[in-house]
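Generate coordinates for the entire structure from the input sequences, incorporating the hints supplied.
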Amino acid sequence: MVTMELSVIVLNAVIVLVAYLSVYPKLAGNSFNKISFYDLFASGLALAIVGSKYWGSGQQFSLVVADVNWFWFTLITYAIIEIPVMLWYFKKNNVDVKIKR
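Heads up: the sequence shown at position 17 corresponds to 17 in full-length UniProt numbering, and the numbers run straight through without jumps.
For the record, the hints were derived by calculation from the structure and aren't laboratory data.
Incorrect hints may have been included.
What the hints assert, rightly or not - Per label pair, the in silico range of CB-to-CB distance:
1. PRO84 - ALA48: 20 to 26 Å
2. LYS53 - LYS98: 34 to 40 Å
3. LYS26 - LYS98: 18 to 24 Å
4. GLU5 - ILE83: 17 to 23 Å
5. SER57 - TRP88: 30 to 36 Å
6. SER57 - LEU27: 30 to 36 Å
7. LYS91 - ASN33: 29 to 35 Å
8. TRP88 - SER52: 28 to 34 Å
9. ALA66 - ASP96: 32 to 38 Å
10. LEU17 - ALA48: 17 to 23 Å
11. VAL97 - VAL64: 26 to 32 Å
Unchecked claim - The calculated lysine-lysine pairs, modelled on DSS-like cross-linking and capped at a C-alpha distance of 27 Å, are:
12. LYS34 - LYS91
13. LYS26 - LYS91
14. LYS26 - LYS98
15. LYS53 - LYS98
16. LYS92 - LYS34
17. LYS92 - LYS53
All of these numbers come straight from a predicted model, not from anything done at the bench.
Here a beta-carbon is modelled for each residue, glycine too, at the ideal position from N, C-alpha and C.
Structural data, given as structure tokens:
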């Protein structure tokens with residue numbers, strides 16, 4: 001049987017890979033601002049899917065150091081999965097990380 005944690009991790013990995021291998025190259029290119037904008041939707045999608053199942057359930061998810069609710073588990077594991085992929089994408093596509101004010 002698949003654990004809750006594994007199902008959330010797989011969902012996060014699929015969303016991150018689809019975003020960085022398909023969506024961002026077509027819609028954002030090497031624009032840091034566009035990537036950031038679309039990433040809000042990608043991470044929001046992960047939170048919406050997991051939240052639709054676990055919101056209000058009181059279910060605890062196990063991180064290595066603590067037990068957390070679905071929101072924090074999804075957000076933390078999403079970031080852990082996304083950061084190496086993001087760094088690879090930024091290097092490959094020569095993304096300039098200048099924030100326009």
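Exercise for the section: Could you check the hint for me, namely that TRP88 and SER52 are 28 to 34 Å apart, CB to CB? Expected result: Because 30 Å falls inside the window, the suggested range holds.
Handout entry: 27 Å limit on alpha-carbon distance, applied to hinted pair LYS92 and LYS34
Key = 16 Å, holds
Practice task
Take the C-beta atom of LYS26 and the C-beta atom of LYS98, compute their distance, and say whether it sits inside 18 to 24 Å.
Solution key: 22 Å, holds
Handout entry: Cβ distance range 17 to 23 Å for LEU17 and ALA48, holds or violated
Key = 18 Å, holds
Exercise for the section: Using the beta carbons of LYS91 and ASN33, state whether their distance is inside 29 to 35 Å or not. Expected result: 18 Å, violated
Exercise for the section: Please work out if LYS34 and LYS91 have their alpha carbons no farther apart than 27 Å. Expected result: 16 Å, holds
Exercise for the section: Indicate whether the distance between the beta carbons of PRO84 and ALA48 respects the range 20 to 26 Å. Expected result: 24 Å, holds
Handout entry: LYS53 versus LYS98 beta-carbon gap, inside 34 to 40 Å or not
Key = About 39 Å separates the Cβ atoms of LYS53 and LYS98, which means 34 to 40 Å holds.
Exercise for the section: For the pair supplied as a hint, LYS53 and LYS98, confirm whether the alpha-carbon distance does not exceed 27 Å. Expected result: 38 Å, violated
Exercise for the section: Would you mind confirming whether the straight-line C-alpha gap from LYS92 to LYS53 stays at or under 27 Å? Expected result: Cα-Cα ~36 Å, so violated.
Problem - VAL64 and VAL97 - C-beta distance against the hinted 26 to 32 Å - result: 30 Å, holds
Exercise for the section: Below or equal to 27 Å on CA atoms is what counts here, so check LYS26 against LYS91. Expected result: The given pair, whose Cα atoms are some 17 Å apart, holds under the 27 Å limit.
Comparing the model with each numbered hint stated earlier shows that hints 7, 15 and 17 do not hold.
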